[in-house]
Every structure is written in C-alpha cells, then in structure tokens.
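Spelled out, the chains give:
Protein chains: 4
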Amino acid sequence: MTAATHRLTDLNAMPEAAFVAALGAVFEHAPWVAGGAAARRPFATVQALADAMRATVEAAPEAARHALLAGHPELAGAAARAGAMAAASVAEQAAAGLSRLSEAEHARFAALNAAYRARFGLPFILCVRRHGRASILRSFEARLAADPERERHTALEEVFRIAALRLAGLVAGEGPLAVAGRISTHVLDTMRGAPAAGVAVELHEVVSATETVPVARAETNADGRTDAPLIGGRPVPAATYELRFGLGDYHRRLGVALPEIPFLDIVPLRFGVADPEGHYHVPLVATPWSYQTYRGS
Amino acid sequence: MTAATHRLTDLNAMPEAAFVAALGAVFEHAPWVAGGAAARRPFATVQALADAMRATVEAAPEAARHALLAGHPELAGAAARAGAMAAASVAEQAAAGLSRLSEAEHARFAALNAAYRARFGLPFILCVRRHGRASILRSFEARLAADPERERHTALEEVFRIAALRLAGLVAGEGPLAVAGRISTHVLDTMRGAPAAGVAVELHEVVSATETVPVARAETNADGRTDAPLIGGRPVPAATYELRFGLGDYHRRLGVALPEIPFLDIVPLRFGVADPEGHYHVPLVATPWSYQTYRGS
Amino acid sequence: MTAATHRLTDLNAMPEAAFVAALGAVFEHAPWVAGGAAARRPFATVQALADAMRATVEAAPEAARHALLAGHPELAGAAARAGAMAAASVAEQAAAGLSRLSEAEHARFAALNAAYRARFGLPFILCVRRHGRASILRSFEARLAADPERERHTALEEVFRIAALRLAGLVAGEGPLAVAGRISTHVLDTMRGAPAAGVAVELHEVVSATETVPVARAETNADGRTDAPLIGGRPVPAATYELRFGLGDYHRRLGVALPEIPFLDIVPLRFGVADPEGHYHVPLVATPWSYQTYRGS
Amino acid sequence: MTAATHRLTDLNAMPEAAFVAALGAVFEHAPWVAGGAAARRPFATVQALADAMRATVEAAPEAARHALLAGHPELAGAAARAGAMAAASVAEQAAAGLSRLSEAEHARFAALNAAYRARFGLPFILCVRRHGRASILRSFEARLAADPERERHTALEEVFRIAALRLAGLVAGEGPLAVAGRISTHVLDTMRGAPAAGVAVELHEVVSATETVPVARAETNADGRTDAPLIGGRPVPAATYELRFGLGDYHRRLGVALPEIPFLDIVPLRFGVADPEGHYHVPLVATPWSYQTYRGS
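Residue numbers (the numbering used here), protein chains in the order written: chain C, 1 to 297; chain W, 1 to 297; chain Z, 1 to 297; chain U, 1 to 297.
Simulated from the structure, these hints should not be mistaken for lab results. A virtual CB, placed ideally from N, CA and C, is assigned to each residue, including glycine. Don't take every hint at face value.
[To be verified] Which chain W residues face chain C? A few, computed with CB under 7 Å, are given here:
| # | residue |
| --- | --- |
| 1 | PHE160 |
| 2 | GLY246 |
| 3 | PRO259 |
| 4 | GLU260 |
| 5 | ILE261 |
| 6 | PRO262 |
| 7 | PHE263 |
| 8 | ASP265 |
| 9 | ARG270 |
| 10 | GLY272 |
| 11 | SER290 |
| 12 | GLN292 |
| 13 | TYR294 |
| 14 | ARG295 |
[Claimed, not checked] The following residues of chain Z were derived to be distant from chain U, with all beta-carbon distances above 12 Å:
| # | residue |
| --- | --- |
| 15 | ALA17 |
| 16 | ALA18 |
| 17 | GLY71 |
| 18 | ALA79 |
| 19 | GLY83 |
| 20 | LEU101 |
| 21 | ARG119 |
| 22 | PHE120 |
| 23 | LEU122 |
| 24 | SER135 |
| 25 | ARG138 |
| 26 | ASP147 |
| 27 | GLU149 |
| 28 | ALA274 |
| 29 | ARG295 |
Based on the provided sequences and hints, a complete structural model is requested.
Shown next as structure tokens:
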C-alpha cells in the first residue's frame, strides 16, 4: 500500500470543496458520496469516515445507487481497452493481471460481461484486489447465476470493498481499516534445534495446473522469518499459492553431507487462500529428510 | 520388469549352444561372455550366474574387454537414429526418454558423444535405466572430466549394471538380483486417526524447473497405501520426483467443511532419488490444515 | 497367549466325553455348554465352534442361563480370597492385578460387589483381560447404574468374551478368533533419514496420576521396529499407556553432540486404548530437537 | 524477579556511602566491591555497573579474592541450618529446594561439602538459581574432580553470576542484564487450522524417575499462547521439565467425538534445559490423534 496522501486530522479541518476534491474518487464517478460524508465531520477514526460514506450511499435515493453501480467499468472491458477508465480502476485491474490477458481470455471476459449486462442491466463489479485470476472468473460465473435482488446487494458490497481499499490508501489516521491480510512464514531447523537463517523463499501464485507467477522473494533472517510478510498491508488475492524454500542450499552451506541428488532440495508448500483479510502463517519445520507445515498463527 | 523368459534350472541343463543363444545378448555384441559362463554351470542362484559372467569378462584379454566397451552404442547417437542398435538397447534408451529428444537435445548429446569419443576413444556407456534425463546429462559431464584409467573402470561397471538388469529380466530362479529400488507411499489421516483410503496419488518426474512427466498413478486402499509401489521391481531412475495427493477431494468426500479455496487441495511432495536401488518410502501424514512427510522405511 | 492344547481336527474326532473334558471349563462351572456343542461337530473353524457354544447357551432354558451367570466368581471377591475359584478365573484375575490389591482397594471392590449383588441378584461379571485396573472400576460403576434387563444382556456378553478368550487359548485351527489387539511402534530418525536401531523402548500402564506399572520392554531392530509387538496375540487391556524411548542414549551412541542435559532424553508418549481388539501403532518420528507421534496403521 | 529497588540514575547521583549501602550485599560479605565501583560512576547501563564491580574484584589483591570466596556459605550447610546465612543466600537456597531436603539428602550435601573443603580449602559456590536439584548435585560432583586452578576460576565465575542476578533484582535502568531465560509454549489445533484456546498447561520439574514438582500453571489464550512465559524474567534452572497439556478436555469442550478412553488426553512433553539463559519455546501441534513438538523460536 502506498503511503497515504492525507492525514485524517487535516481532512477534518478542510473546507468542504477540498475534502470532496481529496476523496471524491473513492467511489467511482460519485463525488457526491464524499460530499455527504463531509457534513458529518469530524471523524475520530478512518473507520468512522468509511462508515459515514457507506451511510451516505445507503441513505441516497435508489436511482443514485443505481447510477453508482452503472458508473463502474467492466472488468477487462471496452473502457479499459479504450483508455476511458478512472485512474484507480486502471491500477486495480492491472494489478490483478487483467491488463495482460490473451485474446482468448479477453474473449471470455467479453462474453461474461455481455451475459452479465444482459441479465442484470449493470456492469459486473468486483473488488479485484481481493482475487487471483482464477478466483475472478469463478466469482463471475457464480454471480451470473445469482438471484437479481441478491446480486444487487453483492455488487454494492463490492463497491464498499473497493472504496475501503482506496480510502485506506489515501488517508492516514487512528484505527486503520481492516482491509489487509498476510502471508508469512518461519523456517525451523529441527536437525539443529534452531531457526534456519539464510533460506531463500519464493512465493508464487498458481494460476493453472502448469503455470505459476512469482509474487515475492525473500531470505530468512536470524530468527528464521522474513523481515516483512511475503504479502502484507493489503488483501491477499484469493488464490492458490506455492511457497518454495531453498532447503538443499541451506543444508549445503551448513556443511551437511547430502546425496548427489538431495532428498529435499527445493521444497514446495502449496496452499489456498480463501479469506483475503486472513493471516496465513505457513511455517516450514524441516530436516534434510523430513518436513512439515500447518496453518499457524 | 517383464516376466522372465528362462528358469535357472532349465539354463543349467541346456546344451551349451542353447545357453549361449538364451543369454548371448546380456553383454552387448559379446556372446562369448555367455559362452564362458556356460562352462561354469550349474548355478545355484541367479547371482552366481551373474558373478560367473562378470568373472569371464574380468579374465578375458584386455583387447576383448576393449572390444566389449567399443561395441556399445552411443546414447541417443547415430546407431539409435539409424535403427542399428541391439534390441535391448533400443528399449532401454526409449524408456529413459532418449528416443523423444528435441533437436536441441540431440545436438547436445551429439556434442557430448563426440567429446567423449575424442577423449577416451570409446562410446559413452551408462546404465540408463538407473537415471532420469537430467541425471544422464550430469553423469555424462562429470565423466568427461574423469581420469582415463578411472573412467575405463567406471564404464566397465556400467556394463555390468546393464548386464545385471538384462539378466534379471531374462532369468527366474532362487536369489533375485538386487537390482530393484522402490518408491512407495502411505497416507495417514490424523484428523480421524486412521489410514486415508481413496486418495488419488500421482507420481511425476521433475525434468526441469517448469516441466514434469507423469510416471505412475494410483489410489490408496483401506490401509492408506497403494496396492503396489509406484515404482518397484526395477531401478528407480536417479531424478527428482513429485508425488501429488488429491487431499482436498478426499476431505470433500468425507464431508469435511472446507473453505471455497481449501487450504490444502493438491499436495505436492518433491523429493530426490540418488540411489536407484534404494527404497524411498514417502508418507503423507495430513489433516485439512497440516501435513508432513519424511523418508520412512 | 500360551500354546493351544488341542487341535480343532482332533476335537472334531474325539468321543463326546473327551470333548467335554477338553472344553468343559470354557464356560465357568457349565460343562453342559461344551456338551451341547459336541453334538454339532464337525467345525470347520474355531469361530464355528465358538458360535455353536454361544448358540447352546442362547437356546438353553432361562434358568440354566441364570445359573451360568450366578456360577461366576466375584471380582477380587470372597471366592478369590478363599481359594475357591476356577483355575482359569484365578489366572485371569491375577493378570489384571486383582490379586495384589491394597486393603483399601479390597474394601472398594467388596462394597461394589455387595451393591451389585443387592441390585441385580448376581455376581458382577467382566472379561478382565480386556481391562486395566482403572477401567475395571469405571465399568463396575457404570454398570451398577444400568437398567436390569440391559445389564443382564451385558453380563452374558461378557461371559461370551471370557469364553472366546479361553477357547482361543485352548484350540488351534483354521480361522483364529478375533480376540487379539496390538500395541506396536516404529522409530524413525529424521536427522539421518533412516530407521532408528537400538532404541530402548518401555511400555508402561498408567494406573494413576503418579503410578505406572511396566508392561513390556524391547529394543528397536534395524528397521526401527521391535521384533514383536509390545502387546500382541491377546486383548490390549483398556487403559492409558506410556511408551518411553531412550532417545538421548540413541543419539549419544551415534556420536551426536548433545547439551549436558539433552533437550530430548527419555521421550514419553502417553496414549489411551479404548478398543482392546484394536491395533494401536504408535510411531516416534524424531530428531534430537523434535518429535511427533500419531495413531498409525 | 521482584521489582527493582533502585534506579540507575539515582545510584549514579548518590553519596558513596549510600551507594555502598544500596549495593553492598551484591557480593556476599564484601561491600568493598560496591565501594570500588562507586568511584567509577556514572554508569550508562546496568551492564556497565556490573562490569565495574567485576573489574574491582579482578583488580583486588589475591587475598581479598580468597576472602570473598571463603565468605560464601556452603550449600545446605551448617550456616543455613544455624540461620547464620546472608538474607540473599537464604532466599536463593530456598528457591532451589535446598531448605526442604530429607535427612538423607542433607547427609549427602554434608559429605560433598566436607570433601570439597578438604580438597580446595573453600566452600563450594554455585549460582543455585541457575540449577535444578539434580543439576546442583551433578555440578558438585563434577567440580570435586576438577583441577584446583581451574576450579578456583569456576568458583569466581559463579560468584559473578550470583552477583549479576542480585544486581538485576536491585537496579532498574537502561540495558537489563542478560540473566533471564524463558520457557514458553504455543498450542496449535491442526484439525481446525487455528490456535487452541483454553488449553490447561502445567509445567513440572522432573526431579527423579518417579517424582515431579509443579512449577507453573496457565491456560492458553485466543492465540494459543499463555499470557506470560511459564518461566520468564529469571534464569531457567538447568533441569528436566515436563509440560502437560489438557488436550482431551480441550477436544471435549469443542464437541469432538472421542473414545471413552481418548487416544490423547493429558499430553506430556518432556525436555531438558541445559542453558539457563536460553529461550525454550516448546510448541504443541496437535489433533485428537497426533501431536508433535520441537524446539522453536
């Protein structure tokens, strides 16, 4: 998450026009939401600000809420390709890999977008920063089959999720929004009874049976942990991940006698993240001949 | 290993010509080795027969031994491409994947074969049934750098290994040759305290950072084991392997409540085999939220 | 279990009187049960013989079944102290530790026996070879509270269990009775990736928070197992057990550098057996700094 | 460790006499050590103060150092029984269990004290807060066999350890002395993939094959940890310990179906502490049918 642009105390003290200028883009093409919140200042916490924006939307006439939903761009849709999308949406869709789709994938999104609009009369809205690529498609298909009343509710909740993430990136203050999950690890060497330092760790997203995409890379410190979480300070996109540990190199550096092809060399731990705001602590407890993992805390 | 063609008791009783016809191909283009062993009959065990063939080679004049080495085909070499290789060698090289090389790989083998012949005046000989593809290339490069005296010894040992495997496939009798290794597994469900039955298991050879080749597929039985080892009755080619367990499906069938993206779904265990005649028992001890493995027995 | 005295084929061929002499004591003070079974010979399996004895009891008049129950001795009761108990019962009660009770324990059994007889008009019958001492008392108290109809059924099932165990000890033949459970172990050294040989193993029954009683002692062989199960060929008395492994001595013999007080020295694994006919495989997977166990198979 | 009595900044500013009154008892019957350190004020850290006291001892004439050693009381010796020991020593020996010895144990200490004094002409000095009872006796016997020169050095180091602990208890300030170790735990429930809350944990010292002494008792919190280490803020006496976890009760409360005698009920983890200043993190990773531990961090 990039450094926040505004301090909550400053926002509380600004003229209304400046406040709306600062936060008008939190809800896509709907600066009136910031305007409604401006009247409820001051806010003690960022969460209170978020709640006020949500309350503004919920108190608005149905037509305004419809326009809010209708104003969102499609995923990987025409607006994106035509360069007509709001800046925040451009960045969000790019981070989810939607700006690098193959033609076949574009065609699939186009078909899904068309089907969704035909069925619900609205663009499909999803907080893509909470999803891996496979998870976006799974959600899309599941929601296409939903009851319209319920789907409208779901879409609005996604708008609030998008807004919360934008707000968390824009405003610093008491009480950070609970929008961040975490993937962390810890390597224990049970041959020596000590943390394993200097182990290379890679995190990959598993996008299909044969394809993975690198996400992060680190090395364990003296306590066997990485200095920072492999993903932290933002939602963990719902997806399958693989941690890869350079265990063979670690043992070689310690001078442990290993076979020419070591029993354990690169150790992959494959696990799924279903809760983007969850903490996934995935330790590796290992010797040259054994290892284990579990969801820790 | 295919069913043996001959019984040791029959071989002991045959006329010498029939004996040589039966076993003449055990040493490539060298039926004289079978001839020498024929005179030492009867044999109580297949190992005694193998020892007699080895003794025949070791007692032969140096020129005969040189001709024996010189008579072997190159790996993925001109003889193979021209269809001029002995039947046993054809099958052995094919099983090691050498009949399906890309042009680039062919070029690499051609260069190595040429360098080896230039340095040692002989074809490169390796018992390929004991090696995965990466291991063949690693051996090739290591042996290219060896001292000629020592390399000559290594080559002859490889000839004996090739012969032992051919003999084990041809002759049934007391005392099977110790030419077979094993990969086996066992799945324990420690959420229920019982073996995990009905778990799909796949064994793959890892041929590069991004490519794996399926080797075997099975399902665990009521005891949590596969009915037969995943590799057994033959050497385990030295290589890196990956076992993949359908743990998510197993838990779903039991009715365990799992997240939409389960923490554990397909569980990969990646391990190396350095000893083709070793027993690699690689169990999976698991719950929906943890697993471990070790080299067992 | 001691070597069986009779072969089933011999029993099938004996005169009836000899058959009754051989098996008359299987049901306490009730040789008529053997007599009834004699008429149904021959038996293909020991189980068929056991079934015939059971059928004889079930077909007998109610008064005969009542007499059968009434003819059993109390546990740790007057008959035992007066030396008036059948030989088989003497041995069975002794094995369960009932011949070595303190005066306080005797008083407790006397009170329970009296309460049971007052409530049900019969002695309390339990197949004590299936229970540890705490489990005997727990069963006694639970059954004192049972409905008389149901308790009568329970008592008769215990008579059949006692008879099955006596029969299994007396008769050898096809189809052994399913009366035996097992406690076994396996020690894996995951620092070296091999079975741990030469590890001293003790099995204790935990009879109270502070008292344990040694049950068996063994040493692991080259495969990391004991040559025979620690308990096998008989029911495992329902109780809490503790396996103790001399892990520190094992590592010292291997020359592993350990602290003056090793992190792991005697490793206790404490576990409960609720099913006397169950197989309890309790492995130890260990390094000098870690261990684990699970109910295996 | 009790709350410190003095702040380092105050000690730096005191008149010398007050300084010596405050710290005179840090070295047994040797206020001159505090006097020597007074002249080196001010101290930036408690460690600098400890170093100054040590330097004072090391710079003193040999006779003064001899008197310092000679002024220490014997362990469980005549001074202790006669009530003639310095207050700090009384508390230290009591905490190590030396005030509750049986007559036989007293006799053993008396014999060791006499032998030591005969051999070295000094009382045996040991920082008993760093040792369990068995470890005290082991040290005593080992040092009785030492070379006098080396033993004199060892005794002085023990004096410095005693002083460091007294100082840590008396003075608060920057840079706490590294005199504390820690025993902590963490319970993970891998059946549910979450920390195990509400698990009763007991820590016992194992003083002989049949005797344990309770040391601490706690319950795991929502993160599966105890709110405070089981031992912390002081050296962990070198000894064998047993952690006992009420795992059966935990699973019963969750409504997990368990056998009448659960496979796992009270789970003991037995481990040794050789380094009193070490951090011993001993987690329990468990299901109703499996568990493991390791020295963590």
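Hint-by-hint comparison with the structure:
1. PHE160: violated, 20 Å
2. GLY246: Status violated, d = 12 Å.
3. PRO259: holds, 3 Å
4. GLU260: Constraint on GLU260 of chain W satisfied, holds at 5 Å.
5. ILE261: holds, 4 Å
6. PRO262: holds, 5 Å
7. PHE263: Constraint on PHE263 of chain W satisfied, holds at 5 Å.
8. ASP265: holds, 6 Å
9. ARG270: holds, 6 Å
10. GLY272: holds, 4 Å
11. SER290: holds, 3 Å
12. GLN292: holds, 3 Å
13. TYR294: Interface hint status for TYR294 of chain W: holds (3 Å vs cutoff 7 Å).
14. ARG295: Given a least distance of 5 Å, the restraint on ARG295 of chain W holds.
15. ALA17: Nearest chain U Cβ is 44 Å from ALA17 of chain Z, so the label holds.
16. ALA18: holds, 43 Å
17. GLY71: holds, 29 Å
18. ALA79: Given a closest Cβ separation of 29 Å, the condition holds.
19. GLY83: The claim holds: GLY83 of chain Z sits with its nearest Cβ about 33 Å from chain U, beyond 12 Å.
20. LEU101: Non-interface label stands for LEU101 of chain Z: nearest chain U Cβ at 21 Å, farther than 12 Å.
21. ARG119: holds, 22 Å
22. PHE120: With a cut-off of 12 Å, PHE120 of chain Z remains clear of chain U, as the shortest Cβ separation is near 22 Å.
23. LEU122: The claim holds: LEU122 of chain Z sits with its nearest Cβ about 24 Å from chain U, beyond 12 Å.
24. SER135: The assertion about SER135 of chain Z is violated, with a minimum of 7 Å to chain U.
25. ARG138: violated, 8 Å
26. ASP147: Answer for ASP147 of chain Z: holds, closest chain U Cβ roughly 19 Å.
27. GLU149: Check passes; 22 Å lies beyond 12 Å.
28. ALA274: Not fine: 3 Å to the nearest Cβ puts ALA274 of chain Z too close to chain U.
29. ARG295: At about 5 Å from chain U, ARG295 of chain Z fails to clear the 12 Å cut-off, so the statement is violated.
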